[in-house]
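Undergrad: Be aware that the sequence shown starts at 356, since it is given in our numbering, and climbs by one per residue.
It is worth saying that the hints were derived from the structure and are not from the lab.
Note that the structure is predicted; figures quoted are calculated from it, not measured.
Be aware that a few hints might be false.
To be verified - Across the chosen pairs, the derived CB separations fall in these ranges:
#1 534 <-> 425: 38 to 48 Å
#2 609 <-> 463: 51 to 61 Å
#3 600 <-> 551: 18 to 28 Å
No residue lacks a Cβ here, since even glycine has one placed at the ideal position from N, Cα and C.
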Amino acid sequence: MRSLRVCHVIGSLDAGGAQAMLVKLLSRLGDQSVDSHVVSLLMRGPMSQSLRRLGVPVRFLDVRGHRDVPRGVLHLSRVLKDLRPDVVQTWLYYSDLVGGFAAKLACRRLPVIWNIRTNSLVPGVHKLSLIGTARTCAWLSARLPARIVVNSLSGLRWHVQFGYAPDRLLLIRNGFDTERFRPSELARRAIRRQLGLPDSTRLVGMISSVRPQKDHATFLDAAAVLARRFRNVHFLLCGDGAVWHNEPLRRMIEQRQLSGRIHLLGIRGDMPVVQASLDVAVLASVVEGFPNAIGEAMACGVPCVVTDVGDSADLVGDTGFVVPKGDADGLARRCQELLTLPSDQYRDRGLRSRQRIRQLFDLDRVVEDYVRLWHEVADRPLAPMSEGATKPPRRAA
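Using the sequences provided together with the hints, build the complete structure.
TA: As structure tokens, this is what we get:
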């Protein structure tokens, strides 16, 4: 029997959580007999090189904006006719919509699996065009996709209330590579040397693209409090937009007098090193699904402080701290608590953080769940899914 051919359709290959999960997923398929292809609706992004290094063929369609949807559907349908996949796996709302229509245009029997990576949509935080696309997807959810993967329990529940067909939804959380993300004293020293800091410097970091829903302002407010209390604590921001020529971010930093205490790394290709260099990892989001950055930090043995959004609290468990969103004083207080722990208690927090990821959020189990799902919708079933893959209750009438 030939390999199962799966075509992944994603909006862009910029650095982001969905893109990172796609790369992790494809990197661990190994001997699963899956022939993977990726189609990006936009042009090249930094993650395209990661896919090419894996030997995954990548195509770019240059579909731009909602006015370009009809052309995008037609172009993608031609690509799918050429590829002849067994399954189309789409990622994020826009790709769900375009990929869903294109797959049915290419072949009415071609199964499509949507993939939702957001726990909720909030006007003022998310663009109205995105919310409109999600509403259209909700209306079509009982017709176009065979299944809909959601990566957080909170997101699954919210999308049922939003109007998505409950019997299509399936929970498959993110998984983490604990061989790649692991504690490293070498990484700790290397990042401090790069930043010109003594080895004794404590680093509090937030790994995230700079977007409104990530609420960097609250992180910076907490950093300003900590900077006044600790001389040896510095702060680190890493991700798309975390650069000094980002004027709004630079102004926020200068207003809080943090310019000499904060380091902006932008997009990095050595995230295991960056994560392992931290003493405390923070996520200040006001909206979140299932945060990859926090799971990676925990795998590196870094205690975390997160806001109570999405599945962040479930991910951290009792290994770190959870505060209300927007609570800068709470973030600062909990970070201070971790920074002032006796060394043996701090090490225990880190060990328990890593152990929690290894026991509950193993990447290989996530990969197995995706492969079983692809075989199921392609009518080539394997063994039943793991307990990590969960269907929702039906929506109340």
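Undergrad: Each hint: holds or not?
TA: Now the hints, each set against the structure:
1. 534 <-> 425: 38 to 48 Å: holds, 45 Å
2. 609 <-> 463: 51 to 61 Å: About 57 Å separates the Cβ atoms of residue 609 and residue 463, which means 51 to 61 Å holds.
3. 600 <-> 551: 18 to 28 Å: holds, 20 Å
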